[in-house]
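S.K.: In order, the protein sequences belong to chains A and B.
Following our numbering, the numbering of the first sequence begins with 1 at its first residue and continues without gaps.
Following our numbering, the numbering of the second sequence begins with 1 at its first residue and continues without gaps.
To be clear, the hints were calculated from the coordinates, so they are not data collected in a lab.
Yeah, the Cβ is synthetic: ideal placement off N, Cα and C, and Gly gets one too.
Careful, some of the hints might be misleading.
Here are the simulated SDA-like cross-link-like pairs (lysine to any residue), alpha carbons at most 20 Å apart as the crow flies [said to hold, decoys possible]:
1) B:109 x A:61
2) B:109 x A:39
3) A:57 x B:3
4) B:109 x A:87
5) A:11 x B:42
6) B:109 x A:59
Which bits of chain B does chain A cover? Going by a derived footprint, with three or more residues having C-beta under 8 Å, they are [said to hold, decoys possible]:
7) 38 to 50
8) 83 to 97
9) 106 to 117
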Amino acid sequence: GAGVSQSPRYKVAKRGQDVALRCDPISGHVSLFWYQQALGQGPEFLTYFQNEAQLDKSGLPSDRFFAERPEGSVSTLKIQRTQQEDSAVYLCASSLALGALYEQYFGPGTRLTVT
Amino acid sequence: AQTVTQSQPEMSVQEAETVTLSCTYDTSENNYYLFWYKQPPSRQMILVIRQEAYKQQNATENRFSVNFQKAAKSFSLKISDSQLGDTAMYFCAFMEDSGGGADGLTFGKGTHLIIQP
Numbered sequence: 001g002a003g004v005s006q007s008p009r010y011k012v013a014k015r016g017q018d019v020a021l022r023c024d025p026i027s028g029h030v031s032l033f034w035y036q037q038a039l040g041q042g043p044e045f046l047t048y049f050q051n052e053a054q055l056d057k058s059g060l061p062s063d064r065f066f067a068e069r070p071e072g073s074v075s076t077l078k079i080q081r082t083q084q085e086d087s088a089v090y091l092c093a094s095s096l097a098l099g100a101l102y103e104q105y106f107g108p109g110t111r112l113t114v115t
Numbered sequence: 001a002q003t004v005t006q007s008q009p010e011m012s013v014q015e016a017e018t019v020t021l022s023c024t025y026d027t028s029e030n031n032y033y034l035f036w037y038k039q040p041p042s043r044q045m046i047l048v049i050r051q052e053a054y055k056q057q058n059a060t061e062n063r064f065s066v067n068f069q070k071a072a073k074s075f076s077l078k079i080s081d082s083q084l085g086d087t088a089m090y091f092c093a094f095m096e097d098s099g100g101g102a103d104g105l106t107f108g109k110g111t112h113l114i115i116q117p
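Construct all of the structure, not just a fragment, from the sequences and the given hints.
M.R.: Put into structure tokens, the structure is as follows:
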């Protein structure tokens with residue numbers, strides 16, 4: 001079946017612009033995670049959802065970052081007033097349920113470049 | 001907070017050789033899971049192998065196996081009979097077992113593995 005998809009794959013934004021990154025999880029997957037991967041680094045956890053409920057947003061780096069999953073399926077990560085330090089690959093992952101027993105399936109990521 | 005350390009930024013071996021990637025972690029938790037993920041140049045992260053901390057037996061998946069030393073907080077990945085397709089970034093990751101909850105994965109910085117023909 002189809003995997004996790006993300007769009008756009010590449011995004012260039014001028015500093016100060018708002019951006020919205022989309023994640024389409026695997027159908028039926030309850031849990032959805034967002035990670036930020038800076039160049040040459042491992043991914044860092046941002047936030048996760050169980051259905052439409054955002055259960056943990058402790059990893060969001062500032063209040064300019066906002067994530068939503070209103071119908072418990074597609075999720076959007078929004079970054080307001082982008083800064084150069086926001087340049088990174090944003091990875092989305094979904095899993096059948098919460099818990100480490102359930103494998104997280106990752107999307108291809110959105111590479112954000114802030115100029 | 002948990003930390004994951006991968007001390008080998010890059011490794012290069014010849015095809016068919018065996019290679020071991022190192023990973024250490026720090027946690028005060030007793031129940032957790034450890035993972036190795038592979039990220040090929042196309043960037044889609046793929047789970048390679050998983051180890052439950054409560055299991056003493058080391059996990060194996062075909063050519064991939066781990067050496068899990070809980071007391072030493074060490075979790076190395078061994079790749080046997082390496083293939084060109086194994087060339088990728090490899091990330092060690094940790095997740096606390098919070099009884100059905102999740103805090104997301106904590107990743108190391110990765111090891112770039114290059115398999116030479």
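S.K.: Which earlier hints turn out false for this structure, listed by number in ascending order?
M.R.: none
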